[in-house]
Amino acid sequence: MTVATYFDEMSYGPAPEADTEARDWLARHKSSFGHFINGAFVPSTSGKTFDTFEPATGKRLAKLAVGDKADVDKAVAAARKAQVSWARLPGHLRARHLYALARMIQRHARLIAVVEAIDNGKPIRETRDIDVPLAARHFYHHAGWAQIKDTEFADHVPVGVVGQIIPWNFPFLMLAWKIAPALALGNTVVLKPAEFTSLTALLFAELAAAAGLPAGVLNIVTGEGETGALIVDHSDIDKIAFTGSTEVGRIIRERTAGSGKSLTLELGGKSPFIVFDDADVDGAVEGVVDAIWFNQGQVCCAGSRLLVQEGIAKLFHDRLKRRMQTLRVGLPLDKAIDMGAIVAPVQLSRIEALVKKGLAEGAELHQAQIEIPKSGSFYPPTLLSGVQPTSIVATEEIFGPVAVSMTFRTPEEAVQLANHSRYGLSASVWSETIGLALNVAAKLAAGVVWVNATNLFDAAVGFGGKRESGFGREGGREGCYEYLKPKAWIGRKARVLPNLPELKPVVGDFSAPAIDRTTKLFIGGKQARPDGNYSRPVVSPKGKMIGEVGDGNRKDIRNAVVAAQAASAWSSATTHNRAQILYYIAENLSGRADEFAARIAAMAGSSAAAARAEVDASIARLFTYGAWADKFEGAVHSPPLRGVALAMPEPLGVAGVICPPEAPLLGFVSLVAPLVAMGNRVVAVPSEAYPLAATDFYSILETSDVPAGVINIVTGSAIELAKTLAAHNDVDAVWAFGSDELSATVEKLSVGNLKRTFVDYGKATDWNDRAAAEGTLFLRRAVDVKNIWIPYGE
Amino acid sequence: MEKARIITASGDGGVVTAGSSPARLVDHARTNGWPRNPGMELDLSWVLDARVNLSAVERRVASLPGRRTVKKDAQAAWLLKAVTCIDLTTLNGDDTAERVKRLCAKAMHPVRQDILDALGMGKRSITTGAICVYHRFVATAVEALGDSGIPVAAVSTGFPAGLSPHHLKVKEIEASVADGAKEIDIVITREHVLTGNWTALYAEMQDYRRACGDAHVKAILATGDLKTLRNVARASLVCMMAGADFIKTSTGKEGVNATLAVTLVMLRMIRAYEERTGFKIGYKPAGGISAAKDVLNYQFLMKEELGREWLEPDLFRIGASSLLADIERQLEHHVTGAYSALNRHPIG
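For the record, the sequence lines run as chains A and B. At position 233 of the first sequence (counting the first as 1) the number is 239 in the numbering used here, and the numbers step up by one without a gap. At position 209 of the second sequence (counting the first as 1) the number is 211 in the numbering used here, and the numbers step up by one without a gap.
Fair warning: there could be bad hints in the mix.
Unchecked claim - Residues of chain B clear of chain A, computed beta-carbon distances all greater than 10 Å:
hint, residue
1, Gly-35
2, His-137
3, Pro-167
What the hints assert, rightly or not - Covered, in the sense of this in silico footprint (three residues per stretch, anywhere, with C-beta under 8 Å from a C-beta of chain B), are these stretches of chain A:
hint, region
4, 337-345
5, 550-558
Don't read these hints as lab results, they were simulated from the structure. Ideal placement from N, C-alpha and C gives every residue a C-beta, glycine not left out.
The whole structure should be built from the sequences, with the hints applied where relevant.
This is the structure in structure tokens:
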């Protein structure tokens with residue numbers, strides 16, 4: 007091409023980013039890397055290696071070590087050894103280390119960006135302008151948290167040694183999202199990068215060591231799924247933080263069940279991108295480019311489901327197709343492209359197969375007719391329109407540059423279609439009417455909502471999903487808690503389960519009998535007989551039968567969940583209203599305090615004074631949550647844009663509660679009240695041994711204006727009912743306090759819809775200790791934080 | 003979509019339909035022969051429907067320089083193309099005939115011949131797109147440019163504030179056309195936009211278009227005065243409906259002149275107008291584009307948002323006075339490999 011031809015054609019021509027330094031770095035390591043353990047690169051113990059390839063060319067890039075058990079053990083041991091000293095460092099000194107990492111990333115920004123582009127296949131523009139700057143920002147932000155941790159999180163301590171497993175789509179950014187908060191808050195790390203994209207993690211380790219990060223604080227073990235499994239299963243790891251597919255997330259949930267490991271999962275999505283007829287249509291079209299043709303669509307929060315208001319659907323699609331035609335796909339190091347290579351041939355085949363299925367199911371295909379490199383893993387920008395909700399491409403995450411589109415008629419229908427998904431990661435709403443945009447944003451089941459924007463990220467703003475998109479938040483204050491544990495829970499001892507007394511035979515006499523009382527279940531605001539029509543005796547410590555309660559079964563749980571789901575108005579009730587009702591419950595309980603105290607004493611054999619103290623503590627606890635109901639507020643984050651991100655605590659939905667065996671009334675109140683205060687609806691299973699305090703309680707609920715279905719009570723076998731609740735796919739959370747078997751069972755069975763679980767691993771809580779048994783520790787677990795990004799401007 | 007009814011600008015009541023072929027207009031040498039925009043009835047619902055999200059616009063223009071770039075020969079070619087789109091401008095109170103003649107000489111020979119030769123472009127006729135002056139110097143410029151084919155553009159209608167009596171504005175246009183101006187850069191009455199008086203803006207613009215006759219009319223929106231992008235979008239649409247051949251950002255005298263954000267909005271309106279009527283409207287950013295690397299971003303936006311056709315001088319002009327000097331230095335650097343200096347290139 008000559009100047010004259012360019013002058014006539016006005017085409018762009020090649021604009022390659024130099025890769026000399028990146029290739030030199032590989033050459034310095036002889037294109038071969040070990041693990042980074044205890045401050046140095048070491049070969050794998052087994053000597054086993056695997057190859058990593060360059061997606062744009064298919065050429066081998068480097069040889070990496072396969073992490074096996076000995077390697078993971080070494081890394082965990084190094085992290086364990088370093089953790090004590092690391093956590094003991096004053097916050098300011100940890101802050102200096104994180105600050106140094108941030109500065110170091112900035113100094114080597116271009117090298118990191120180029121290595122990342124080569125290794126992953128994504129455009130240099132994205133690594134250079136987005137991934138690396140955001141990663142540096144993450145370390146700066148968390149250097150700040152390290153600095154102020156001791157005062158801001160005074161009642162928390164680090165979790166300990168954290169195992170982190172990150173994906174291949176944002177190798178360096180996800181590394182920053184994982185490492186920065188973990189280290190800032192005093193944890194040490196064993197991180198496994200994705201097998202396709204390990205290089206920037208190794209480069210980071212090298213640079214971090216040079217920046218003076220103490221040995222053992224950060225360890226990188228490379229390898230494939232088996233290595234990840236070794237980390238997940240490791241008994242000396244306190245927490246697993248995983249970003250990746252929902253499928254693997256489920257496996258991790260199952261494998262860590264009952265282990266006591268803290269867990270955060272950031273998983274897949276099928277995020278809606280909603281365009282109303284009053285949107286800036288051109289802006290929204292450009293938004294689609296950033297939503298689904300960003301990083302080749304290999305983005306967990308990609309706006310992959312376009313929902314367009316019917317009246318503008320033709321205009322929108324015409325403009326979108328025109329825009330697709332100006333996208334450029336090319337080599338990752340070309341500085342004038344929009345899309346690079348798909349990470350690996352296996353992903354490419356998956357995309358092709360899904361699109362084929364979509365077509366077979368009636369979707370209409372539109373692909374940009376643009377030049378695409380002949381070799382390497384490339385896929386053109388693709389739009390599937392006229393997709394019906396029944397089609398696989400409407401429900402499955404494609405994880406490629408493929409948008410699917412449907413239309414809607416009204417805002418209600420938009421919300422309904424948007425939320426009709428097993429996922430709940432993110433959403434985009436496009437409308438120039440503030441009332442409409444914010445109303446829809448509030449109603450979307452997603453952890454992140456962007457108003458008139460998409461794929462905005464910042465270290466100060468929590469990121470994470472609802473439903474099967476996982477749990478936990480990364481970024482901001484909400485993200486810090488994922489790497490901390492409450493001081494008040496340290497040293498909890500294994501629970502001593504109460505001995506169930508044996509029922510002694512009774513001989514009747516001729517004295518006046520008390521009128522027989524039948525205790526029922528409480529479902530949907532009504533007393534209900536158990537479905538199976540069996541009863542269980544409640545026996546005093548002396549062996550006397552105090553009463554009988556219904557032996558609830560799975561159908562009772564089903565009915566209770568239906569009732570709780572129907573009570574969804576509670577979740578949008580005003581916080582003042584919720585507070586009033588909690589106070590009113592307390593008021594009515596106080597009126598019958600003596601009766602409840604007597605009941606507790608009779609069931610548990612406790613002294614009258616102790617029983618009375620439990621009732622009084624329950625009344626106070628109800629007051630606590632009445633108080634919190636309108637005070638547990640969100641935050642206004644200030645990301646670097648002209649606008650705000652609102653961090654809004656939202657109820658989880660329907661929560662199952664397995665009450666602790668002890669403290670029949672206070673245990674029940676301590677778990678139910680925070681959930682209800684935050685707008686959740688509850689299906690509670692009272693203490694198996696002492697259920698009558700809870701069943702007596704339903705008459706209090708009936709007189710306290712609690713709407714039907716908000717609190718449901720099903721008596722019976724704790725473990726059996728817990729199984730049904732944990733496996734129920736329309737239950738959003740289960741809190742279970744009791745045996746360690748109960749905890750393990752609940753966590754294991756929660757995988758169906760990846761519901762939030764809150765369990766005690768058989769550790770006893772002192773329900774009278776306010777620091778351990780009430781307040782924000784519980785409230786935080788009763789909500790999900792949704793971040794709504796609202797850019798300003800006219 | 004139903005085809006818009008188009009009223010010819012002569013106002014004779016004749017109606018043509020978009021997509022049919024109105025008579026080609028006589029134009030200067032470098033036209034691609036696009037049919038001239040005859041205008042259309044004022045469609046107020048379209049105007050009021052225009053919506054622009056500022057943050058979305060900003061994100062697009064912020065990411066653009068990272069998405070598109072040209073290097074080496076391609077860059078030289080693009081810069082040379084930019085030269086052909088420059089309306090080489092002098093609009094100062096101290097302008098004189100001799101000053102204007104000097105500028106005309108530069109317009110005819112904007113780049114040193116040895117540089118053009120080295121670029122392999124020595125045989126091409128590379129001139130600026132036009133010379134842009136006040137009415138007083140139109141005749142001077144027309145004479146100085148002779149048969150070079152370079153049109154003279156006159157700023158008009160009480161430039162820059164546009165607050166002279168309406169009949170005088172129309173007379174001013176007619177006088178410049180009589181003196182040989184082939185292009186008239188009019189300024190709109192900003193008050194009409196700021197008060198939402200779209201019918202007044204439409205009527206005024208129609209009068210200007212009529213007064214221009216065969217001369218092309220560029221509507222200067224003075225976007226720095228309009229403040230909001232929604233105002234910019236609406237004013238763009240109204241001016242195109244009233245028959246503007248070009249829409250132009252600024253006089254160069256407002257506090258804020260051409261920006262990429264304003265450009266993106268105006269280009270999208272041009273695209274929407276073509277979408278609906280089939281007519282291509284030209285675009286002219288003016289004021290503040292003084293560096294070669296800046297003009298490239300404008301060119302990228304033109305190509306990405308409107309297409310290849312909009313990179314030629316019949317649909318793209320750049321109002322600038324010092325931009326050319328920077329492009330000359332870049333071109334010399336491309337040819338020699340050494341950074342250049344202003345005094346190595348003839349003054350304009």
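So, going through the hints one by one against the coordinates:
no. : hint    : in the structure
1   : Gly-35  : 17 Å, holds
2   : His-137 : 34 Å, holds
3   : Pro-167 : 33 Å, holds
4   : 337-345 : holds (count 4)
5   : 550-558 : violated (count 0)
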